[in-house]
Amino acid sequence: MTDLEQFRRATRAWLLENCPPSQRTTVAKQDVVWPGRNQTFPSEDARLWFERMRDKGWTCPTFPAEYGGGGLDEAQEKVLREEMQDLGCRPPVIDQGISMLGPALLEFGNEAQKAYHIPKIVRGELRWCQGYSEPGAGSDLASLQTKCEPFDDHFLVNGSKIWTSYGVESDWIFCLVRTSNEGAKQAGISFLLIDMESPGVKAESIDLISGESEFAQVFFDNVKVPKENLVGEINQGWAVAKGLLKHERKMMAELGTGFAGGDLSLAKIAEQQFGRDAAGQIDQPEIRLAIADYEMNMRAIALTGQRSHEEAQAGQMDRNVPLIMKYVGTTAVQTRDELAMDIQGYRSAGWHDENFSVSELRTARDLLFNKALTIAGGTNEIQLNIIAKRALGLPDAPAPDKEER
Amino acid sequence: MTDLEQFRRATRAWLLENCPPSQRTTVAKQDVVWPGRNQTFPSEDARLWFERMRDKGWTCPTFPAEYGGGGLDEAQEKVLREEMQDLGCRPPVIDQGISMLGPALLEFGNEAQKAYHIPKIVRGELRWCQGYSEPGAGSDLASLQTKCEPFDDHFLVNGSKIWTSYGVESDWIFCLVRTSNEGAKQAGISFLLIDMESPGVKAESIDLISGESEFAQVFFDNVKVPKENLVGEINQGWAVAKGLLKHERKMMAELGTGFAGGDLSLAKIAEQQFGRDAAGQIDQPEIRLAIADYEMNMRAIALTGQRSHEEAQAGQMDRNVPLIMKYVGTTAVQTRDELAMDIQGYRSAGWHDENFSVSELRTARDLLFNKALTIAGGTNEIQLNIIAKRALGLPDAPAPDKEER
Amino acid sequence: MSLVFTEEQSLLQESALEYFAQHLPTSRFRDIRDAKGVVSCDAGAWQQMVDLGWSAMLLPASIDGLEFGLLGMGLLVTEAGKTLAATPLSGAATLSVEALLSCAESPARNQLLREIAEGTTMPAFAIGPASLLASDLKSLDGGLEFVAEARGADSLIALLADDSAARVVVVDLNSPEVQRTAVNLIDWRDYAHLQFDNMVIAEDHSFGANEGAAARLESVGAAMTAAELFGLSQEVFDRTIAYLCEREQFGRKIGSFQALQHRMAKAYAQLQLLKSVLYDALTALEQQRDDVDLAVSHAKVLANDTAQLIGNEGIQLHGGMGITDELDIGLFYKRIRVLRSAYGSSAQHRANFAKLSGL
Amino acid sequence: MSLVFTEEQSLLQESALEYFAQHLPTSRFRDIRDAKGVVSCDAGAWQQMVDLGWSAMLLPASIDGLEFGLLGMGLLVTEAGKTLAATPLSGAATLSVEALLSCAESPARNQLLREIAEGTTMPAFAIGPASLLASDLKSLDGGLEFVAEARGADSLIALLADDSAARVVVVDLNSPEVQRTAVNLIDWRDYAHLQFDNMVIAEDHSFGANEGAAARLESVGAAMTAAELFGLSQEVFDRTIAYLCEREQFGRKIGSFQALQHRMAKAYAQLQLLKSVLYDALTALEQQRDDVDLAVSHAKVLANDTAQLIGNEGIQLHGGMGITDELDIGLFYKRIRVLRSAYGSSAQHRANFAKLSGL
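Protein chains in written order, with this note's numbering: chain A, 1 to 405; chain B, 1 to 405; chain C, 1 to 359; chain D, 1 to 359.
It should be emphasised that the hints constitute simulated quantities derived from the structure, not laboratory data.
One thing to keep in mind: the hints can contain errors.
As the list claims (entries may be wrong) - The list that follows gives simulated cross-link-like pairs (lysine-lysine, DSSO-like), each with its CA atoms no further than 27 Å apart:
1) Lys266/C with Lys246/B
2) Lys29/A with Lys56/A
3) Lys242/A with Lys253/C
4) Lys268/A with Lys242/A
5) Lys147/A with Lys114/A
6) Lys253/D with Lys266/C
7) Lys120/A with Lys185/A
8) Lys266/C with Lys242/B
9) Lys246/A with Lys266/D
10) Lys389/A with Lys266/C
11) Lys29/B with Lys36/D
12) Lys147/B with Lys185/B
13) Lys29/A with Lys120/A
14) Lys389/A with Lys36/D
15) Lys389/B with Lys355/C
16) Lys227/A with Lys242/A
Said to hold, decoys possible - Here are some of the chain D residues that sit facing chain B, going by a computed Cβ distance under 8 Å:
17) Phe5
18) Ser27
19) Arg28
20) Gln179
21) Leu185
22) Gln195
23) Ala259
24) Asp325
25) Val338
26) Ser341
27) Ser345
28) Ala347
A virtual CB, placed ideally from N, CA and C, is assigned to each residue, including glycine.
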């Protein structure tokens, strides 16, 4: 038996012993465990599961053990992921500190920053959010204007960030701020960590068409930030941000395909709605064919994800293939949402009230919520630009200002 | 009875009396009557029909009677068109002198030019072709390079034109030529008429993927052209060309919808191929729905043409609506061609030989030939640019060179 | 001519534009919604529309109607769509009136038509199965789901039909024998489920309808829905164009990006096709043409699909703002999503078009 | 792992690339066509492929085969597609071999397999109805249409099947009892209709095939067609990108126009999806997986539709040049149009996918 096989056995045994049965079911929104200063848990089992994983460092399996992380290599991490998936274990905690800031700090942070922040991320002591976009900037990330002036022992920050996921609920925010107006607009940007309890920070939630308000606008009014909170060199924040964006896009693409694998099968709802004909087929040809197209598309996306993974493992990585995943994944989810509504008609158009089942209500909410998928994390238009430029090598347009997020 | 109703009755009576029955059937390619120095006719009836219409001036119904034209007003011309359509009368002759140059000369030509050329166009004495595009220029018409230098009593022309329909078969060519390199590239263009029997003119046919060679490349090698052949002022040819392009685009759009109304109904070939189910439906749901979509699209296009016409008649013309017709018409034809091939499979993929019926062979030829529809007369991409700019008022891109055909 | 407006129709369109902008603008929809009210037509607004003659548009001259026709009514509904105005134009002034007109003339029938025209009643309308009627035709038992405007209305005019017969009945919605359950959809409009408990129908409130009544009323409903979808699409389109001309990114107006230009150009083409097909369908209904079913199915498919295309483009091209509740785009989008299901889905109407085309 | 190439497969791909570029480039296709010849595989080229081992790829080691598998064969066919090379890789080296392998092992069967591997015979392949066989199974009567490579081949290996039984028969195409009628399709390749006039089948040239043989051979044919379509699509895509990077209009490379960039980006995404689905289908066939029919139907639908998309974009974006016979784009396009119909249309395979998915 190889070491990896041994690791797999041990991991499975540990998971079977330590993951409470209640934590091995599909996770609904209200079941998610978030970290934070004032962390609460949806259930005692959820707390137990979180604490056990945390203590093994498996909230961040690949982070170095010296900072409290799991210290696993990539192959081991994949084994852990596969075993958790196979057993249906929920993620013990969800946080942008884990998925985004942590990896960036490990790459770009100094020793003091790593020593202070990474253990807190692993242990879920702080909840992190991201401050990139600004009102009016949109896809043109580099045009950001939040001003950051250096003083002797601190920076002074003024401005505002928008589309910050869970900005109201978070403890700290990692931000892109403008530290210079000279040269290319990308050249004057720095990457800064800000404690949201600092005087002058205010977060307001943004109401969405789906009725949710997951996003916030965050305001900075003469906020003093200690100088040691600068990550990387001053005016070099763009490099940190670009490294980080890769993580975000990967997450969005997974989010897309993840949502689509939900519990409501289109075939099932179509069968309920239209019944089946003598040949056993869903008795509405247009819908039947549309579902087939959707399922083919999802199957193709999953196989492409698998191929890309296998290529990476075999050292034959085609770096261009992953670029398509966000575009195809998010588009597919939206197609699914529309089909689900078309099949169910009025019954899927409920906003609230007891006339509708939970799954009926979810159909419309999903549709509306998932409209964000093709916009957030770089719009799909920007994704197509990137494919054209990086994967296909098509020439730049002679535009006055060509840098794109 | 109004004058117009009287005109309708008289017209109908005349057509019934003068149009031979053989000229009241669908016109195949080999039945078309062309004009020219060495005019020939596919049949004696075709000659008779041409000569009768010519003598009435109805080869060019709206051209002034003083130049031999029909002298009809717009309403009368519409009546004539409707009656001819209703009786299934073939066009007596087809020529770009009639459809394109004639109207341009009437608008921009001087008296001598009108007096000389219009009667010849009406009487079909010369066959005209168009020299606009050049090798390498494509959609960027204004970048043309065919050089035209003025001398005392003539111009000297050197260069080459491409995509000239029936360039090999025509007698005269109307051309855009470069008479100046100063200022904007549109500003140095002139509009010139050239007798193709002049020494130094050579036309070579271009082989197409459809196996046809309707287009030619025309070469000018030190061709002397009399100064009186300049239409409009020198360096003002762009205005003439733009006026003329409108006629071309209208023709292309009509060509598109005209082709689509061909004798092969998709429903019929699908019925032959797949049969009908117990409910009487074509027994291949995907194809059935695709045909329904195509038929809806064609119906929508026809109704839009009708609406636009009615709006014009009612003095409520929306000048933007006609801009879409070429785009939607040509796209629809290509969809139809693809569907027809998908339905018939191998049987519609024949190139030649006696294993195939005439209509089977036509399916593939139409598909290949009609690929030109979305390219010629301004590509569909240029059409979309024009819609965006003119109909929607969207801003120009900050490109170095913005003028588009 | 049938695809362009007459002078009267153009004047009507102008006054509709003016009326909705002034009295029922989008902001009013938002105010009611934010106050957690149901967005329905109130009696005051209805009276204004009555004063404008809109409730009498489809009535014959013999009972003081304007005989304005369905194309005119369609354009009113289109304009209402552009400001998200909730009106009884479709339910009361069109479908209810058409239902009554499908019954033989009688004093009772004419009286009801007059009451609608005068605004003394504001009925909701529904099509239901004949099985709701007791065998003696004198009472109602059972339920109707997703009845539009049923909370704001005082009465219900229902066309109850099976393959062999159709009846129009008029009942008081404030009667204790009918239970109204509010249904809240994403478009925040007035819908209810109705439950009848052996409700007695007044003798002079029950009429035999002609043979094709149910089919015609389904068609009228589909065409009116298509007209509203056209208004919604046009408005989202116009707002998106305006946004593209105003919003800057990467140092230029985003409307100057060619990929977006081509998408909007294609959407424009589809919108123009829809306009033609919609006007033709309304005209076909007005003139009771033979191909009316085909024309209406075509209009509903194209309206559904154009509205979906433009609704999606509208949100996507507004970027992050498109998904906030702050902009109105989302409100239009949600209304579009609901109307896709009203009076037949695209799949149903496409199948119907195919059948009628001999496919 | 199943969706990436092994080292052996990568080496095979390299040698295929080199072979086709050197010996069967697109210019060769054009030369033969311009001389009014039929574009088929000649004996010389086949011998070269035999020498490279390609005819023995699918044979078991027990009869000196390489056991390379269908993914490897698929990549050869893909590379052949890129230069429009006419080869018997699909008909002789794959379908004929697979057909014989579906029959019980026997000296006669193994002898035929060896002859194919050694290149001493170059059979065409067809699937036909069992009704072509006389009741004693000893002779053939009737016709087969659109048999690929049937003019260049010396023999025919046919799988004749009905619901209850399947047989593989091998007949000499040079016999006077079979009439070959040339069929000229737009792709200018070798097709013929075959007519058998009570043709006697040699006793050792007739084999009972296993139960699923017809379904499997249909699937193998569809997958090989998809592999060629993938090669055609990739080549048209690459040539179009190159043209966009080189051609100038309005003072800039046309590849810098954003509308075209987005279209090509979408085409690229679809091409990548096709690649994954195709490799999966070939692997499914190779491993005889349970879901092989679904995997293959998926691959054929996606290959058909991707090739149509990219073929259309290729012509359109080459503008006027795209519709001339001077450029090769049209040749690729015509081959794509023919292959859409080979071994099942998109409509057939989509219906099959739906059925197998329980829809």
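> Of the hints stated earlier, which fail here?
Replying inline: 4, 7, 14, 15, 17, 18, 19, 20 and 22
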